[in-house]
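Asks: Protein sequence lines, in the order shown, are assigned to chains A and B.
This note's numbering puts the first residue of the first sequence at 1, with every later residue one more than the last.
This note's numbering puts the first residue of the second sequence at 1001, with every later residue one more than the last.
Please note that the accuracy of each hint is not assured.
[Claimed, not checked] Subject to a maximum C-alpha distance of 30 Å in a straight line, what follows is the list of computed DSSO-like cross-link-like pairs (lysine-lysine):
id	chain 1	residue 1	chain 2	residue 2
1	B	Lys1057	A	Lys42
2	B	Lys1013	A	Lys71
3	A	Lys68	B	Lys1057
4	A	Lys22	B	Lys1102
5	A	Lys37	A	Lys71
6	B	Lys1057	A	Lys22
For the record, the hints were derived by calculation from the structure and aren't laboratory data.
Just so we're clear, the structure is a prediction, and the values are computed from it rather than from any experiment.
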Amino acid sequence: GENVEQHPSTLSVQEGDSAVIKCTYSDSASNYFPWYKQELGKRPQLIIDIRSNVGEKKDQRIAVTLNKTAKHFSLHITETQPEDSAVYFCAASRGGANNLFFGTGTRLTVIP
Amino acid sequence: KAGVTQTPRYLIKTRGQQVTLSCSPISGHRSVSWYQQTPGQGLQFLFEYFSETQRNKGNFPGRFSGRQFSNSRSEMNVSTLELGDSALYLCASSLAGRSDEKLFFGSGTQLSVL
């Protein structure tokens, strides 16, 4: 089955700096790569996703890049704010949103 | 539109007991997935139901089972509970689980096994 690795496990940045979280996947048939944000005590929420026919996708301060050849994808958050502090999970799937394999999460702390 | 609703929010059980968790998907959503979240293992896929049929299954023992009703509501059952089953169980729904859809999570049921 699919195996998703995520790094780093914790990340601290100063407010206004950028944050980058990286994931690798093992199944070359995976074609859907979402990112979820989970604040303490709350449900995971989709923040951005990318499909294998696209190399990069941007939504305001958040961007995701995908390198299919190397089987890795990354989340980039620019101009970080304290409210960006949360655990971020990457995931991969070959069949869409209903069968996701998650990374182990990155705890991002934005220091004011 | 109401989101994904899970009940109960918290559960405390003892080893050997069984437990049933409930999930009501977003209105109109027919695909329901279940995930187990633990600090050590992260989010792990349990199974997915669509039109009352289990369509996908993760690598969990047979003690973990589920079902889906005609109104798309789903239940998950864990029999012969073990201490390691303590976790946050998350339910998620999508329209039909197709590759162009997005997944929406419920707030979860926090299960503690003593």
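Asks: Sort out which numbered hints this structure fails and list those numbers smallest first.
Replies: When the structure is compared with the hints, only number 2 turns out to be violated.
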